[in-house]
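Trainee: Next come the chains, spelled out residue by residue.
Number of protein chains: 4
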Amino acid sequence: MDKNTFALRPPMGWNSYDYYDTTVDAAAVRANAAYMAEHLKDIGWEYIVIDIEWFAPGAGSRRDEHQYIPFNSLVMDAYARLLPDPARFPEGFGPLAQEIHDLGLKFGIHIMRGIPREAAHRHIRTLSGVDAAEIADPSSICRWNPDMYGVKNTEAGQAYYDSIIELYASWGVDFIKCDDICNTNMYPHAPYSGKHEIEMLAKAIDKCGRPIVLSLSPGPALIEQAWHYEKHANMWRITDDFWDDWRLLKEMFWRCELWQDHVSCGNYPDCDMLTLGKMGKGFGHERSTNLTPDEQKTMLSLWSIFGSPLMLGCEMTLLDDATLRLLRNKEIYDMEDPAMRPKQIMRDDFAAKWIRADENRYYAALFNLSEEEREMGLCETCLGKALRERGYKGKIADRYTSLWDGSTVTVTEGKVKLRVPAHGCVVLKPVL
Amino acid sequence: MDKNTFALRPPMGWNSYDYYDTTVDAAAVRANAAYMAEHLKDIGWEYIVIDIEWFAPGAGSRRDEHQYIPFNSLVMDAYARLLPDPARFPEGFGPLAQEIHDLGLKFGIHIMRGIPREAAHRHIRTLSGVDAAEIADPSSICRWNPDMYGVKNTEAGQAYYDSIIELYASWGVDFIKCDDICNTNMYPHAPYSGKHEIEMLAKAIDKCGRPIVLSLSPGPALIEQAWHYEKHANMWRITDDFWDDWRLLKEMFWRCELWQDHVSCGNYPDCDMLTLGKMGKGFGHERSTNLTPDEQKTMLSLWSIFGSPLMLGCEMTLLDDATLRLLRNKEIYDMEDPAMRPKQIMRDDFAAKWIRADENRYYAALFNLSEEEREMGLCETCLGKALRERGYKGKIADRYTSLWDGSTVTVTEGKVKLRVPAHGCVVLKPVL
Amino acid sequence: MDKNTFALRPPMGWNSYDYYDTTVDAAAVRANAAYMAEHLKDIGWEYIVIDIEWFAPGAGSRRDEHQYIPFNSLVMDAYARLLPDPARFPEGFGPLAQEIHDLGLKFGIHIMRGIPREAAHRHIRTLSGVDAAEIADPSSICRWNPDMYGVKNTEAGQAYYDSIIELYASWGVDFIKCDDICNTNMYPHAPYSGKHEIEMLAKAIDKCGRPIVLSLSPGPALIEQAWHYEKHANMWRITDDFWDDWRLLKEMFWRCELWQDHVSCGNYPDCDMLTLGKMGKGFGHERSTNLTPDEQKTMLSLWSIFGSPLMLGCEMTLLDDATLRLLRNKEIYDMEDPAMRPKQIMRDDFAAKWIRADENRYYAALFNLSEEEREMGLCETCLGKALRERGYKGKIADRYTSLWDGSTVTVTEGKVKLRVPAHGCVVLKPVL
Amino acid sequence: MDKNTFALRPPMGWNSYDYYDTTVDAAAVRANAAYMAEHLKDIGWEYIVIDIEWFAPGAGSRRDEHQYIPFNSLVMDAYARLLPDPARFPEGFGPLAQEIHDLGLKFGIHIMRGIPREAAHRHIRTLSGVDAAEIADPSSICRWNPDMYGVKNTEAGQAYYDSIIELYASWGVDFIKCDDICNTNMYPHAPYSGKHEIEMLAKAIDKCGRPIVLSLSPGPALIEQAWHYEKHANMWRITDDFWDDWRLLKEMFWRCELWQDHVSCGNYPDCDMLTLGKMGKGFGHERSTNLTPDEQKTMLSLWSIFGSPLMLGCEMTLLDDATLRLLRNKEIYDMEDPAMRPKQIMRDDFAAKWIRADENRYYAALFNLSEEEREMGLCETCLGKALRERGYKGKIADRYTSLWDGSTVTVTEGKVKLRVPAHGCVVLKPVL
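Chain order of the listed sequences is R, G, E and S. With the working numbering, letter number 17 in the first sequence gets 13, and the count goes up by one each step, no holes. With the working numbering, letter number 256 in the second sequence gets 252, and the count goes up by one each step, no holes. With the working numbering, letter number 412 in the third sequence gets 408, and the count goes up by one each step, no holes. With the working numbering, letter number 188 in the fourth sequence gets 184, and the count goes up by one each step, no holes.
None of these hints come from the bench; they were simulated from the model. Hints should not be assumed to be uniformly reliable.
One copy or any two copies: either way a pair holds, since identical chains are not told apart in the list.
[Unchecked claim] In silico EDC-like cross-links for lysine to aspartate or glutamate, where the CA-CA straight-line distance does not exceed 20 Å:
{"#": "1", "residue 1": "K349", "residue 2": "D401"}
{"#": "2", "residue 1": "K389", "residue 2": "E355"}
{"#": "3", "residue 1": "K413", "residue 2": "E371"}
{"#": "4", "residue 1": "K425", "residue 2": "E376"}
{"#": "5", "residue 1": "K411", "residue 2": "D(-2)"}
{"#": "6", "residue 1": "K389", "residue 2": "D333"}
{"#": "7", "residue 1": "K389", "residue 2": "D354"}
{"#": "8", "residue 1": "K191", "residue 2": "D345"}
{"#": "9", "residue 1": "K326", "residue 2": "D158"}
{"#": "10", "residue 1": "K381", "residue 2": "E409"}
{"#": "11", "residue 1": "K227", "residue 2": "D345"}
{"#": "12", "residue 1": "K227", "residue 2": "E385"}
{"#": "13", "residue 1": "K349", "residue 2": "E220"}
{"#": "14", "residue 1": "K391", "residue 2": "D345"}
{"#": "15", "residue 1": "K391", "residue 2": "D(-2)"}
{"#": "16", "residue 1": "K381", "residue 2": "E367"}
{"#": "17", "residue 1": "K326", "residue 2": "E371"}
{"#": "18", "residue 1": "K102", "residue 2": "E87"}
{"#": "19", "residue 1": "K227", "residue 2": "D237"}
{"#": "20", "residue 1": "K326", "residue 2": "E385"}
{"#": "21", "residue 1": "K199", "residue 2": "E61"}
{"#": "22", "residue 1": "K425", "residue 2": "D354"}
{"#": "23", "residue 1": "K199", "residue 2": "D38"}
{"#": "24", "residue 1": "K246", "residue 2": "D345"}
{"#": "25", "residue 1": "K277", "residue 2": "E95"}
{"#": "26", "residue 1": "K349", "residue 2": "D21"}
{"#": "27", "residue 1": "K203", "residue 2": "D81"}
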């Protein structure tokens, strides 16, 4: 199989983490899936992803002490493969995946790199007949989560990864977000120590016969390993966990600058979840996003013109009308077509300008990164140069539609001139 | 001006450094230019570049102690602009450039970032009327060359750069290799401290009205600054000085992996000079290259399929027939067309495989990085995936011409299979 | 208790590791103890230390794959306290300690920082009633040994350390070498992450009522933490594992330079085991030391004039006569008296010179670090300056006894002059 | 000469920098010397030190742009030796030194490591007949001051240092503070690049026949080089520039912890100038110290019990009575006797406790590092242990004089208990 055919555009969907932390259950998944099918599916949103600790009984029950309860007994089958916690997912994931598929959506799950620590200490025999203790690497742990040991780069290790992917494929899983694998900077001695596990996962997916999108987490991914990610995965996080904080959003502009030449069909550098709407409940502090409406537009515009996957971090059923309207601006997502390639025109502490183009089409966006409303311009010369670098062969428009407010913008004396609010943006689509 | 139009393909030419060190003179330049015009111009070689210390009287005269004589009095005009040493270049560079242009070639010079230290200490008034002492940054020096101080990021600093580029443009300079500017890792406090001087140079070139190719040196360039190089320069070194040593050549494969997504029209990550033929005379040890003929083919093939500029480091008039034949293999350079984009298929300690393609065309190369001859293969599936990633839309060939020996290679059972010598390579062009 | 009274001089003894690796047993301990009592006790050798994995059944049985067998079931009591492997130590450590005490010697054991991983995964209740899973820190592991988790800095954690030290004190343990605690550079985020466990161990010893010497391992200890080691421990390794290799021995000179001001009564920076005689059997390759006789003298002289503990790494019963004679040179150990303080006079790539002195006494040593025999000198002026810095108030001798060969050395024209063999040394004691 | 005899106690004096920056002149020096002779000499204050740029005409005249004017023409003799600026020091330093000696005080000057850049560019012939251009290392500059190039480690380089020290000795200089030499962390390639210049200076002083105290600056000095400083210098800065900021003062406690074992007669790790009284005039902002009276006592007490030199940074003639009273507390300086050695008993974020002792005497100090007044205690057991480590053999007192307020403090139930103000301290001297 060619992994670049698994997702022909950056995946758009929902992920349980930002709202539920470790406490998501089947009811919540169903409610969000139903909402997506009704309100967002028609414009491209399709993935429903269950994040961390679905295999952990009592997850979240000691939230004041631990995000991840150590030495907790995880739910596994006889071969040391993690299974969903029956208290939260009584029917298991197979039927749940089926329900989601029936809604016309796709089903994704989170996994941790490795094999359960408990399986090694209990010497569970894996599907290939090898003791889990021979598969686990006792010196390879996750710095922040106590569940797993890394898997050794051996035949038995590959067989273990094959066995879990086979199981997940049999459930109908369409998307795997593997955690603790993209920038395991735990050991100074081995900063990219999850490298062989990325390869093992990719091989297991290739063997399983199901086109499962592979998403790597957390970041920041190492730019020096770009070729390796592109060889084996579909998405990789270019940032630490992103939250609803302007400083993180502003910083994402240089992350996108760094990765802009690595966006292509099947290869999506990932800016992390969209922090819109309600979030934080599972963390003990339900709240509305701290991003202003202008910042939310900036986030959606940057993710889209750059080409990041789009994953909602909120509880969708609680979306207010204004936010839903933002999310239904399909023309913004049209920029994500990987046939077009992104390019930053300029960036400094106060502003950033981007285009995205292929031979026939283009978009442009102006971002005000400063603390005050300012007039921003885009001259035809700079624009033309950037467009040519991305292969655009057409003419440069003299009128544009501004995609967030629908207004028309006219070029005057070789320049677009616009007022852009603090932290806000304008996205321009040519009227040709 | 759009700097991406200054060199529509990676520059091919000759540079005086590897053979002459600091001792090149007008006679040597003329002899090499004449040779190029006669033997290499027809297939695309065109730049003649004079490297370091052309402004230094007595350069090379104390080679046992110093490569660059400190506190030497450099030749300057009244405005602190360096001029060629009259002992070596009695007519100056204007007439020399004219001669080279008359041969149908282009003329390039090396400069050091900055303003002569001596000009600051002598308080020379620059063309804009400002004292050199106000332009020079006394804490910005080159770690390995004593000639210059960095230029401050001020209006007067820009005016100084404008003044030198104006002078060089008036001479007919087509190409400037600026040294000590691409990875000035002297100060831990400021690892990319030449950044503003790159911008000043680019601005000065833009103002001067002449399309002067800007080449940045030394490397390794910082991948985090890729966007910045692409914004302002045409070439930037991705490596420390490259010499005729297999270990450096093998290492270049990962450097090319790192930079493969940054090659486009007007933007050429630079693998440094080709170490073929005779070299080293100015360093006191004239020698033939230490690279074997197979290694030389590997070098030329990698540079070309990746898209690096090609600059000969040898004394051309001493080229033997075999080497000249290598250099006249035009089909190899055909790969350099920036309309095509390179992609590494795989790389490990023993082998590397690359393709280069656009919508309609492609090339493939197999490199044996091991110490023994080995059979190497290329399967259609892997090839197809890589070609699609680079936008190839045509069919995959079942026969190829092997570009170094002209033989025909046939696909059998979905695979090309070939014996490749140790450190050698095969470059394949489809017979379609 | 004042830990500085637990060892009034640097401990001298034997450690099982260099010869037995993880395979030492009671018979081996007894044989070495008997040998020490008979041949070395009279001149100060007294500690018998059992090194790593005495609690691990089958230790060494999979030596081709693992030095430390992961997920092995360790021998523990009901409270998660490690006990000696009954197959190798059928009577346990209490009676063995008694035998060793009866020989007039002292008994030491090695421990790993932490609590057995298995105890946490099995949720064993510790002596204080708290579940081991609440005491273990799941993200604190040893990079090279799979047995333990670090202990959290909590009351229950302290109680666990108290419980093990209480048990070991009840057995009659006189010396504890705690491993993975002195320079746990596993996590870049926490380079000195064992710090609180050092404090907990020191407190536990203080409470137990028995003067147990605390030795920290491995190194290199951090010079920035010197005060902390001195506050809590008696010995700390200033080096990675030392082996019988001249390069490591030569390097020890700068380590001693670095730590020379931190030697005092009860505080002994530790140069690691003496690599003399036979070693390596447990590692699968029994061998005689690779150090030449001159290098062995250099090692003993440096350790002694600096003030390091002296621990034999060999199988003592296999000592040849020549080595035993070296070890019986009591006058060398006389230098270790912590009332005197060491001082390096000079060191370069070819030589090093040291003194050790108090108000009334002094010693001097000349070390030839070069590859050839050379004449070395010591002038009275330099000597006098160094002696004064260490508080010596007496006169400077004009005759010396050379401690390794017993010859007399005379000062001529204000200087001692001597021929010293390559890698060898001369140790001088004044004849006053 | 034995450099350890040049200053038998940590030097106490005045330095022009904190008040005058680069603008000090003869009148200011005289006024401060006169003040010291009258008000402070009797209790040990004796050095008058002229800090940076005494050789620079117009120093301070462009303070808004430059602290150190680049490419300024420095005052030199015919042999490239810097001389005092005649505008500020019309009689030169010889007569000024004489005046100061006549007051019973000592005379010190600041120098920059190296040889004037201008001397090299002008090819001045030095006293040994060698061109300054051959002595200067063009790649060795100071990161923050433009005056000098480093001196090469050659015979001619040594001769240059000999020549300047000879000149300064002839003037009657008693103290040299050499700058840019103690922690030249400019080049990652050579973090301790001034090392050979320290040795050259020490040699030059040894040859000159005058006991000139050598003080190294700036810091932080490298603890790994402690032995080297002790071998060649009398004082070395253990900190970056210290200013009147509580955070820097609090941080000094760990710096003192780090260096406490390196204080001995002739060897004084240096905490930098005392920031009391009026300061900052030359910087353009004359101000009173930002340290509260309690913080000032803490500073004086820490410097003294640790054993740092004491250099006043203020304009002495403007001292108010309260500050003068602080400075005249002679009993505090009695702690500085290098026969006693300092020892930290404990330190955490809230408090620090120190003793200083020899066989017969001791002092103790309690520092409140927290933001609130707190009760602090000192138990006899801890005190006893620390005193024994420093060799104290006498009895432990049951009554103390508190040196800052003269009150008597009594031991109760084995403990001293005291209330100490926020950022303040108590210093205890036994009543025996």
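Trainee: Work down the list of hints and note, for each, if the structure agrees.
Mentor: Checked hints:
1. Only within a single protomer do K349 and D401 lie at most 20 Å apart by alpha-carbon distance; the minimum there is 18 Å, versus 49 Å between protomers.
2. Within a single copy, K389 and E355 get their C-alpha atoms as close as 5 Å, and across copies as close as 15 Å, so both meet the 20 Å cut-off.
3. Taking identical chains as interchangeable, the C-alpha atoms of K413 and E371 lie at most 20 Å apart only when both belong to the same chain, with a minimum of 7 Å there against 61 Å between chains.
4. Within a single copy, K425 and E376 get their C-alpha atoms as close as 14 Å, which meets the 20 Å cut-off; across copies the closest is 40 Å, which misses it.
5. Only between protomers do K411 and D(-2) lie at most 20 Å apart by alpha-carbon distance; the minimum there is 17 Å, versus 44 Å within a single protomer.
6. Taking identical chains as interchangeable, the C-alpha atoms of K389 and D333 lie at most 20 Å apart whether they share a chain (18 Å) or sit on different chains (18 Å).
7. Taking CA atoms no more than 20 Å apart as the test, K389 paired with D354 passes in both settings, with 8 Å inside one copy and 15 Å between copies.
8. In this assembly of identical chains, the alpha carbons of K191 and D345 lie at most 20 Å apart only when taken from different copies (16 Å versus 35 Å within one copy).
9. For the homomeric pair K326 and D158, neither the shortest alpha-carbon distance inside one copy (38 Å) nor that between copies (48 Å) is at most 20 Å.
10. For the identical chains of this complex, K381 and E409 are intra-copy neighbours only, at 17 Å inside a copy versus 46 Å across copies, given an alpha-carbon limit of 20 Å.
11. Taking the shortest Cα distances, K227 and D345 sit within 20 Å of each other only across copies (17 Å), while inside one copy they are farther apart (34 Å).
12. In this homomeric assembly, K227 and E385 come within 20 Å of each other (Cα to Cα) only across copies, at 11 Å, whereas the closest approach inside a single copy is 25 Å.
13. Taking the shortest Cα distances, K349 and E220 sit within 20 Å of each other only across copies (18 Å), while inside one copy they are farther apart (25 Å).
14. In this assembly of identical chains, the alpha carbons of K391 and D345 never lie at most 20 Å apart, being 31 Å within a copy and 47 Å across copies at closest.
15. In the homo-oligomer, the alpha carbons of K391 and D(-2) lie at most 20 Å apart only across protomers (17 Å), although the nearest pairing inside one protomer, at 35 Å, exceeds that limit.
16. When the C-alpha separation of K381 and E367 is checked against a cutoff of 20 Å, the pair qualifies neither within a copy, at 29 Å, nor between copies, at 46 Å.
17. Taking the shortest alpha-carbon separations for K326 and E371, neither the intra-copy value of 27 Å nor the inter-copy value of 52 Å comes in at or below 20 Å.
18. For the homomeric pair K102 and E87, the shortest alpha-carbon distance inside one copy (18 Å) is at most 20 Å, but the shortest distance between copies (64 Å) is not.
19. For a Cα distance limit of 20 Å, the shortest separation of K227 from D237 qualifies neither inside one copy, at 24 Å, nor across copies, at 30 Å.
20. In the homo-oligomer, the alpha carbons of K326 and E385 never lie at most 20 Å apart, since the shortest distance is 26 Å inside one protomer and 26 Å across protomers.
21. In the homo-oligomer, the alpha carbons of K199 and E61 never lie at most 20 Å apart, since the shortest distance is 38 Å inside one protomer and 26 Å across protomers.
22. For the identical chains of this complex, K425 and D354 are intra-copy neighbours only, at 13 Å inside a copy versus 27 Å across copies, given an alpha-carbon limit of 20 Å.
23. Proximity of K199 and D38 under a CA criterion of 20 Å is satisfied in neither setting, with 33 Å inside one chain copy and 49 Å between copies.
24. For a Cα distance limit of 20 Å, the shortest separation of K246 from D345 inside one copy, 9 Å, qualifies, whereas the shortest one across copies, 35 Å, does not.
25. Taking CA atoms no more than 20 Å apart as the test, K277 paired with E95 passes in neither setting, with 25 Å inside one copy and 63 Å between copies.
26. Within a single copy, K349 and D21 get their C-alpha atoms no closer than 41 Å, and across copies no closer than 47 Å, so neither meets the 20 Å cut-off.
27. In this assembly of identical chains, K203 and D81 lie within 20 Å of each other by CA distance neither inside one copy nor across copies; the values are 27 Å within and 45 Å between.
In terms of the numbered hints stated before, the structure departs from hints 9, 14, 16, 17, 19, 20, 21, 23, 25, 26, 27, listed from lowest to highest.
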